[in-house]
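Student: Residue numbers (full-length UniProt numbering), protein chains in the order written: chain A, 1 to 136; chain B, 1 to 136.
Each hint should be verified, as a subset may be incorrect.
Here are the simulated BS3-like cross-link-like pairs (lysine-lysine), alpha carbons at most 25 Å apart as the crow flies [claimed, not checked]:
id: 1; chain 1: A; residue 1: 40; chain 2: B; residue 2: 69
id: 2; chain 1: B; residue 1: 40; chain 2: A; residue 2: 69
id: 3; chain 1: B; residue 1: 69; chain 2: B; residue 2: 40
id: 4; chain 1: A; residue 1: 69; chain 2: A; residue 2: 40
id: 5; chain 1: A; residue 1: 69; chain 2: B; residue 2: 69
Stretch-level coverage of chain A by chain B, calculated; a stretch enters the list once three of its residues show a Cβ under 8 Å from a Cβ in chain B [to be verified]:
id: 6; stretch: 58 to 67
id: 7; stretch: 74 to 82
Sample of chain B residues at the chain A side, in silico, Cβ under 8 Å [said to hold, decoys possible]:
id: 8; residue: 30
id: 9; residue: 43
id: 10; residue: 44
id: 11; residue: 55
id: 12; residue: 132
id: 13; residue: 135
The set of hints was computed from the structure by calculation and includes no laboratory data. Backbone N, C-alpha and C define an ideal beta-carbon position, used for all residues, glycine too.
Protein chains: 2
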Amino acid sequence: MERTQGSAETGEVDPAEAFAADVFSRACTSRGALEHVTGKWSLLALTALLDAPHRFGELRRRVDGVSEKMLSQSLQGLERDGWVHREVRSSIPPHVEYRLTPAGAELAPRLLALVTFVEDHMPEVHRAREDHDSRS
Amino acid sequence: MERTQGSAETGEVDPAEAFAADVFSRACTSRGALEHVTGKWSLLALTALLDAPHRFGELRRRVDGVSEKMLSQSLQGLERDGWVHREVRSSIPPHVEYRLTPAGAELAPRLLALVTFVEDHMPEVHRAREDHDSRS
Chain A
1 MERTQGSAET GEVDPAEAFA ADVFSRACTS RGALEHVTGK WSLLALTALL
51 DAPHRFGELR RRVDGVSEKM LSQSLQGLER DGWVHREVRS SIPPHVEYRL
101 TPAGAELAPR LLALVTFVED HMPEVHRARE DHDSRS
Chain B
1 MERTQGSAET GEVDPAEAFA ADVFSRACTS RGALEHVTGK WSLLALTALL
51 DAPHRFGELR RRVDGVSEKM LSQSLQGLER DGWVHREVRS SIPPHVEYRL
101 TPAGAELAPR LLALVTFVED HMPEVHRARE DHDSRS
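Looking at chain A on its own, in the form it has when it is part of the complex (with noise of 0.2 Å):
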């Protein structure tokens, strides 16, 4: 899609048109907001709540090799973008949880099935990368 910048004659917006967004222009917002999702621990962590609203400590366990501080951090992008849904629960002890938005839920379906492809490809991964080798 392209930036609209209004009309040349008129100088008006279409409010429509105006909101066009484009991630292949560096200058639109949609490209930090994609990295924001394509990230790889956001990803990794909005994929784990596709399942369920999972605490802090059980997306880490899930997302493996991820720090608190790395994980803390993408949660509060994915949060501030709208994406993910942080809840303080009042039980005895209190703790805090995490649930996808219903922005996020649909989202989320989009990354399963781009992990679910690479994954399922991995064996023509591996045969194009020792192929590759074989050549240079």
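Position chain B relative to chain A; hints supplied.
Tutor: Frame of chain A, contents of chain B only:
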């Protein structure tokens, strides 16, 4: 999917199961492969190649803001993993063309779906950010 370690009794590994990849495991090579395709410049290059094969310079103009070095590194990684084919065309002068492999042509529409989804949801993302920032 769980990475199968083989039968404890027989020590045998079912070849089909042995290759079951799991991006949630830090040891699984699929995590690196996933990062290769979801990296900022790789994702945009793969999506740009959906339209048609492109020369390096064309790709660089399409993926606004990418440096020659980063685009080159990204394409090398995608070529090694078998998503992109690099071909030296014997035109005068000769030039290099990049196109999706059959596996890449299966992968790229999934990336485009993600790109389009995020582009279309930018008004919501902006509202979520404003809402979040006004609360903190």
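Student: Taking the hints in turn, state whether each one holds.
Tutor: Hint check:
1. Proposed proximity of residue 40(A) and residue 69(B) is supported: the alpha carbons are some 22 Å apart, at most 25 Å.
2. In summary, the hint linking residue 40(B) to residue 69(A) is supported, as the alpha carbons are separated by about 22 Å, within the 25 Å threshold.
3. Only pairs whose Cα atoms come within 25 Å are accepted, and residue 69(B) paired with residue 40(B) is accepted, the gap being roughly 14 Å.
4. A C-alpha spacing of about 14 Å is found between residue 69(A) and residue 40(A), which places the hinted pair at or below 25 Å, so the restraint holds.
5. For the hint linking residue 69(A) to residue 69(B), the alpha-carbon distance of about 30 Å lies beyond 25 Å, and the restraint is violated.
6. Only residues whose C-beta sits within less than 8 Å of a C-beta in chain B count toward coverage, and the stretch 58 to 67 of chain A has 4 of them, enough to reach three; the restraint holds.
7. Check on the stretch 74 to 82 of chain A: 4 of its residues sit with their Cβ under 8 Å from a Cβ of chain B, so the three-residue criterion for coverage holds.
8. Residue-level restraint check for residue 30(B) holds (minimum Cβ-Cβ distance to chain A is 5 Å; threshold 8 Å).
9. Residue-level restraint check for residue 43(B) holds (minimum Cβ-Cβ distance to chain A is 6 Å; threshold 8 Å).
10. For residue 44(B), the interface hint holds, the least distance from its beta-carbon to any beta-carbon of chain A being 6 Å, beneath 8 Å.
11. A distance limit of 8 Å between C-beta atoms decides the matter here; for residue 55(B) the minimum to chain A is near 17 Å, and the interface restraint is violated.
12. This hint holds: residue 132(B) has a C-beta 5 Å from the nearest C-beta of chain A, less than the 8 Å allowed.
13. Because the beta carbon of residue 135(B) sits about 10 Å from the nearest beta carbon in chain A, more than 8 Å, this interface hint is broken.
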